[in-house]
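Participant: Got chain A sorted already, so can you dock chain B onto it with the hints?
The residues making up each chain are set out below.
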Amino acid sequence: MQLNTSSSGEVTVVKIEGSLDTQTSSEAQDELNRLMDEGSRKLLLDFSSLDYISSSGLRVILAVAKRLAPDEGEIRICNSNDVVNEVFEISGFSTILKIFPSDSEALEGF
Amino acid sequence: MPEATVRIENDLSEIAKVHEKLDDFAEKFGVPLAVARTFHTIFDDLLDNVISYGFNDEQRHFIDISLELTADSLIVSIADDGVPVNPLAKPTPDTKLSIEDRQIGGLGIHLVVNLADDISYQRTVGKNVLTLTKSLQSNK
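Chain order of the listed sequences is A and B.
Sequence positions in the first sequence follow the numbering used here and run 570 to 679.
Sequence positions in the second sequence follow the numbering used here and run 95 to 234.
Bound-form chain A, shown alone (with noise of 0.2 Å):
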């Protein structure tokens, strides 16, 4: 797992790229984290380099969604592949969070 991080505007953007599942969510998290704590309140996951996602995964974005929600941020993701599409429609994700097809749609009105 890789992750690159660029700004636009406001919103700072996380590329993540490879898997997030039970051996890489933890360092995914904790860089997360490290992007709140330094200010960061609008994060764009774009997806259009990771492979799968497994529940370890869901638990990070869920734990950046919970921790920004009372902060007045957001969190939203782009560029998922279908199967990451069908693990987000499966657990409920597609509705609780803000998912679009392309970086330019989910950084339109962030």
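Simulated from the structure, these hints should not be mistaken for laboratory data.
This one's a predicted model, so the numbers in the text were calculated from it and none came from an experiment.
Be aware that a few hints might be false.
[Claimed, not checked] Only pairs whose alpha carbons sit at most 27 Å apart, straight line, appear in this in silico DSS-like list of lysine-lysine: (1) A/611 to A/635; (2) A/667 to B/115; (3) A/667 to A/584; (4) B/190 to A/611; (5) A/635 to B/190; (6) A/584 to A/635; (7) A/611 to A/667; (8) A/635 to B/184; (9) A/584 to B/111; (10) B/221 to B/115; (11) A/584 to A/611; (12) B/221 to B/184; (13) B/111 to B/221; (14) B/122 to B/111; (15) A/635 to A/667.
[Stated by the list, open to error] Quick list of simulated restraints, FRET-style, between CB atoms: (16) A/607 to B/221: 44 to 54 Å; (17) B/118 to A/632: 29 to 39 Å; (18) A/679 to B/215: 38 to 48 Å; (19) A/663 to B/123: 23 to 33 Å; (20) B/212 to A/618: 45 to 55 Å; (21) B/95 to A/641: 54 to 64 Å; (22) B/230 to A/607: 44 to 54 Å.
Idealized CB from N, CA, C, for every residue including glycine.
Facilitator: Just chain B now, kept in the frame of chain A:
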């Protein structure tokens, strides 16, 4: 029919070997990318569950995974000698709750059951054997 097996120990770091075996198998026999990705998610959640909760002692145990590619499906079986656990008997989590009310965790088996096209559990001679099937054409 193409087949492969891999045996791992009951340690979370061992799950990586199963992901590698699946990647090799998928590349060698042309398993569709979406089917391979589906099983990566399934393996991670199932094996995490078996390794974390399946064994009451501090002993070393083995988990045997087999892959079989048929003309229209990928069939996977996972056998372990842990405590009897039928994942199909687990309660379904409430996936309609808001971010605030959502519990962190409890989703793994729900994902596994819904990602597979077919899943069956057997307890045979001291082993849990779970068999999962995914159609190669499946859009499910």
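Participant: Now tell me, hint by hint, if it's right for this structure.
Facilitator: Against the structure, the hints come out as follows:
no.	hint	verdict
1	A/611 to A/635	holds (13 Å)
2	A/667 to B/115	violated (34 Å)
3	A/667 to A/584	holds (16 Å)
4	B/190 to A/611	holds (24 Å)
5	A/635 to B/190	holds (16 Å)
6	A/584 to A/635	holds (20 Å)
7	A/611 to A/667	holds (12 Å)
8	A/635 to B/184	holds (26 Å)
9	A/584 to B/111	holds (25 Å)
10	B/221 to B/115	holds (22 Å)
11	A/584 to A/611	holds (14 Å)
12	B/221 to B/184	holds (18 Å)
13	B/111 to B/221	holds (21 Å)
14	B/122 to B/111	holds (16 Å)
15	A/635 to A/667	holds (14 Å)
16	A/607 to B/221: 44 to 54 Å	holds (49 Å)
17	B/118 to A/632: 29 to 39 Å	holds (33 Å)
18	A/679 to B/215: 38 to 48 Å	holds (44 Å)
19	A/663 to B/123: 23 to 33 Å	holds (32 Å)
20	B/212 to A/618: 45 to 55 Å	violated (31 Å)
21	B/95 to A/641: 54 to 64 Å	holds (56 Å)
22	B/230 to A/607: 44 to 54 Å	holds (45 Å)
Violated hints, in rising order: 2, 20; the structure is consistent with all others.
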